[in-house]
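K.L.:
Sequence:
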Amino acid sequence: LWTLIHLKVSLSGSSKKKSFSNHHTNKKNPPYGNASVTQAGFVYMDHFILLSVGNSLCLHKYSVGTMNESMDDLRRLQNHSKYKMVTKYEQSSQSITSFTNANSFYSTLVITTGSNRSVTLYDLGKGGNGAISTTIPDAHSRSVLKCSLPSFSDYTNHPNAAYDIFMTIGAEGAVKLWDIRSPIRPV
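Numbering (my numbering), first residue to last: 293 to 479.
The hints are simulated quantities; they were obtained by calculation from the structure and are not laboratory data.
Glycine included, C-beta positions come from ideal geometry on N, C-alpha and C.
Everything hinted at is true.
Dumping the calculated EDC-like pairs for lysine to aspartate or glutamate here, alpha-carbon to alpha-carbon at most 20 angstroms:
#	residue 1	residue 2
1	Lys353	Glu382
2	Lys376	Asp338
3	Lys438	Glu382
4	Lys418	Asp456
5	Lys438	Asp471
6	Lys438	Glu464
7	Lys468	Asp430
8	Lys380	Asp415
9	Lys374	Asp338
10	Lys418	Asp338
11	Lys438	Asp415
12	Lys418	Glu382
13	Lys353	Asp338
14	Lys353	Asp415
15	Lys468	Asp456
16	Lys438	Asp456
17	Lys380	Asp338
Label pairs and their calculated CB-CB ranges:
#	residue 1	residue 2	range
18	Asp365	Val467	51 to 57 angstroms
19	Ala463	Asn326	20 to 26 angstroms
20	Leu437	Tyr398	25 to 31 angstroms
21	Tyr398	Ser440	18 to 24 angstroms
All chains should be built: construct the whole structure from the sequences, respecting the hints.
P.N.:
Structural data, given as C-alpha coordinates:
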(Lines of atoms letter the chains of each structure in order from A; the text may use other names.)
(Lines give C-alpha, C1' and ligand atoms only; values in the text may rest on other atoms or scores of the structure.)
Protein backbone atom coordinates (compact mmCIF):
# COMPACT_ATOMS: atom_id res chain seq x y z
CA LEU A 293 0.00 0.00 0.00
CA TRP A 294 1.31 3.44 -0.84
CA THR A 295 0.36 6.68 0.81
CA LEU A 296 -0.39 9.43 -1.63
CA ILE A 297 1.00 12.21 0.54
CA HIS A 298 4.71 11.38 0.35
CA LEU A 299 4.71 8.26 -1.85
CA LYS A 300 6.57 6.44 0.90
CA VAL A 301 5.93 2.81 1.63
CA SER A 302 3.72 2.75 4.67
CA LEU A 303 2.94 -0.95 4.85
CA SER A 304 5.16 -3.59 3.33
CA GLY A 305 5.63 -7.18 4.32
CA SER A 306 7.47 -10.38 3.76
CA SER A 307 6.77 -13.95 4.71
CA LYS A 308 10.17 -14.05 6.38
CA LYS A 309 9.46 -11.11 8.72
CA LYS A 310 7.23 -11.27 11.74
CA SER A 311 5.84 -7.79 11.42
CA PHE A 312 5.36 -5.41 8.53
CA SER A 313 7.07 -2.54 10.31
CA ASN A 314 9.51 -4.22 12.69
CA HIS A 315 12.14 -6.93 12.59
CA HIS A 316 11.65 -7.97 16.23
CA THR A 317 9.77 -11.04 17.46
CA ASN A 318 6.02 -10.70 17.49
CA LYS A 319 4.08 -13.63 19.02
CA LYS A 320 0.74 -12.49 17.61
CA ASN A 321 2.10 -12.59 14.03
CA PRO A 322 4.28 -15.68 13.69
CA PRO A 323 6.48 -16.11 10.61
CA TYR A 324 5.40 -18.42 7.81
CA GLY A 325 8.58 -20.51 7.98
CA ASN A 326 9.85 -21.79 4.64
CA ALA A 327 6.51 -21.28 2.88
CA SER A 328 6.16 -18.24 0.66
CA VAL A 329 3.15 -16.03 0.09
CA THR A 330 1.76 -17.00 -3.33
CA GLN A 331 -1.28 -14.71 -3.49
CA ALA A 332 -2.64 -11.74 -1.58
CA GLY A 333 -5.94 -9.92 -1.77
CA PHE A 334 -8.30 -7.62 0.05
CA VAL A 335 -11.40 -9.11 1.66
CA TYR A 336 -14.70 -7.79 3.00
CA MET A 337 -14.63 -4.34 1.39
CA ASP A 338 -10.91 -3.83 2.13
CA HIS A 339 -11.26 -4.43 5.88
CA PHE A 340 -8.92 -7.44 5.83
CA ILE A 341 -6.00 -8.88 3.85
CA LEU A 342 -6.04 -12.54 2.86
CA LEU A 343 -2.74 -14.31 2.11
CA SER A 344 -2.22 -17.71 0.52
CA VAL A 345 0.79 -19.36 2.19
CA GLY A 346 1.50 -22.98 1.25
CA ASN A 347 -1.69 -24.87 2.12
CA SER A 348 -3.00 -22.12 4.42
CA LEU A 349 -5.14 -19.02 4.12
CA CYS A 350 -4.08 -16.32 6.59
CA LEU A 351 -6.57 -13.57 7.38
CA HIS A 352 -5.02 -10.32 8.65
CA LYS A 353 -6.51 -7.16 10.06
CA TYR A 354 -4.45 -4.10 9.13
CA SER A 355 -4.16 -0.40 9.80
CA VAL A 356 -2.26 2.03 7.60
CA GLY A 357 -0.57 4.76 9.61
CA THR A 358 -0.73 8.27 8.27
CA MET A 359 2.29 10.48 7.92
CA ASN A 360 1.60 13.78 9.56
CA GLU A 361 3.48 16.98 8.93
CA SER A 362 5.03 17.26 12.38
CA MET A 363 8.18 19.26 12.89
CA ASP A 364 10.13 16.25 14.13
CA ASP A 365 11.50 14.50 11.01
CA LEU A 366 12.22 11.23 12.81
CA ARG A 367 8.65 10.96 14.13
CA ARG A 368 7.20 11.93 10.77
CA LEU A 369 9.17 9.27 8.88
CA GLN A 370 8.42 6.41 11.28
CA ASN A 371 6.15 3.68 10.05
CA HIS A 372 2.96 3.67 12.13
CA SER A 373 1.26 0.90 10.12
CA LYS A 374 0.49 -2.41 11.72
CA TYR A 375 -1.20 -5.71 11.12
CA LYS A 376 -2.41 -8.69 13.13
CA MET A 377 -3.26 -12.22 12.07
CA VAL A 378 -6.91 -12.86 12.88
CA THR A 379 -7.11 -16.52 11.90
CA LYS A 380 -5.50 -19.20 9.78
CA TYR A 381 -7.34 -21.80 7.70
CA GLU A 382 -5.52 -24.94 6.57
CA GLN A 383 -6.46 -27.02 3.58
CA SER A 384 -5.75 -30.72 2.91
CA SER A 385 -3.90 -29.99 -0.34
CA GLN A 386 -0.14 -29.54 -0.58
CA SER A 387 -0.62 -25.95 -1.71
CA ILE A 388 -3.36 -23.48 -2.49
CA THR A 389 -3.06 -22.61 -6.17
CA SER A 390 -5.45 -19.63 -6.15
CA PHE A 391 -8.29 -17.98 -4.29
CA THR A 392 -11.00 -15.52 -5.19
CA ASN A 393 -13.54 -13.44 -3.32
CA ALA A 394 -16.03 -10.66 -3.98
CA ASN A 395 -14.59 -7.48 -2.50
CA SER A 396 -16.96 -4.96 -4.12
CA PHE A 397 -19.64 -5.66 -1.48
CA TYR A 398 -19.73 -7.21 2.00
CA SER A 399 -19.26 -10.90 1.32
CA THR A 400 -17.65 -13.50 3.56
CA LEU A 401 -17.32 -16.09 0.77
CA VAL A 402 -13.79 -17.12 -0.29
CA ILE A 403 -13.19 -19.84 -2.88
CA THR A 404 -9.82 -21.64 -3.02
CA THR A 405 -8.34 -24.16 -5.41
CA GLY A 406 -5.77 -26.73 -4.42
CA SER A 407 -3.00 -28.77 -5.94
CA ASN A 408 -4.96 -31.91 -4.97
CA ARG A 409 -7.70 -31.19 -7.61
CA SER A 410 -10.07 -29.81 -4.97
CA VAL A 411 -12.11 -26.63 -4.66
CA THR A 412 -13.00 -25.36 -1.19
CA LEU A 413 -15.63 -22.76 -0.32
CA TYR A 414 -15.06 -20.86 2.94
CA ASP A 415 -17.57 -18.75 4.83
CA LEU A 416 -15.28 -16.48 6.83
CA GLY A 417 -18.26 -15.22 8.82
CA LYS A 418 -18.52 -18.58 10.62
CA GLY A 419 -14.94 -18.44 11.89
CA GLY A 420 -12.74 -21.26 13.17
CA ASN A 421 -13.03 -24.72 11.64
CA GLY A 422 -16.68 -24.04 10.78
CA ALA A 423 -15.52 -21.69 8.04
CA ILE A 424 -15.24 -24.50 5.49
CA SER A 425 -18.75 -24.71 4.10
CA THR A 426 -18.16 -27.02 1.11
CA THR A 427 -15.30 -28.98 -0.42
CA ILE A 428 -15.44 -30.39 -3.94
CA PRO A 429 -12.80 -33.17 -3.77
CA ASP A 430 -12.26 -34.00 -7.47
CA ALA A 431 -13.33 -30.83 -9.23
CA HIS A 432 -10.89 -31.50 -12.10
CA SER A 433 -8.91 -34.50 -13.30
CA ARG A 434 -5.63 -32.62 -12.70
CA SER A 435 -4.57 -29.75 -10.42
CA VAL A 436 -6.95 -26.78 -10.34
CA LEU A 437 -5.01 -23.72 -11.47
CA LYS A 438 -7.42 -20.81 -11.04
CA CYS A 439 -10.86 -19.87 -9.79
CA SER A 440 -12.83 -16.74 -10.55
CA LEU A 441 -16.03 -15.00 -9.51
CA PRO A 442 -17.88 -12.76 -11.96
CA SER A 443 -17.13 -9.05 -11.76
CA PHE A 444 -20.16 -6.84 -12.06
CA SER A 445 -20.69 -3.35 -13.32
CA ASP A 446 -22.27 -0.63 -11.21
CA TYR A 447 -24.21 0.53 -14.27
CA THR A 448 -26.34 -2.56 -14.92
CA ASN A 449 -28.69 -4.74 -12.92
CA HIS A 450 -28.02 -8.45 -12.60
CA PRO A 451 -30.32 -11.20 -11.40
CA ASN A 452 -29.53 -12.55 -7.93
CA ALA A 453 -28.53 -15.92 -9.41
CA ALA A 454 -25.61 -14.24 -11.20
CA TYR A 455 -23.89 -13.79 -7.83
CA ASP A 456 -24.05 -17.54 -7.16
CA ILE A 457 -21.71 -18.78 -9.89
CA PHE A 458 -17.96 -19.21 -10.14
CA MET A 459 -15.58 -20.85 -12.58
CA THR A 460 -12.47 -22.99 -12.28
CA ILE A 461 -9.68 -23.82 -14.70
CA GLY A 462 -7.83 -27.13 -14.48
CA ALA A 463 -4.37 -28.11 -15.67
CA GLU A 464 -6.02 -30.52 -18.13
CA GLY A 465 -7.40 -27.48 -19.99
CA ALA A 466 -11.02 -27.74 -18.84
CA VAL A 467 -13.00 -24.69 -17.74
CA LYS A 468 -15.93 -25.48 -15.46
CA LEU A 469 -18.78 -23.28 -14.28
CA TRP A 470 -20.17 -24.01 -10.81
CA ASP A 471 -23.22 -22.95 -8.80
CA ILE A 472 -22.41 -22.06 -5.18
CA ARG A 473 -25.84 -23.19 -3.98
CA SER A 474 -25.27 -26.78 -5.20
CA PRO A 475 -21.60 -27.34 -6.08
CA ILE A 476 -21.91 -31.12 -6.46
CA ARG A 477 -21.22 -31.02 -10.21
CA PRO A 478 -20.51 -28.25 -12.71
CA VAL A 479 -23.37 -26.40 -14.41
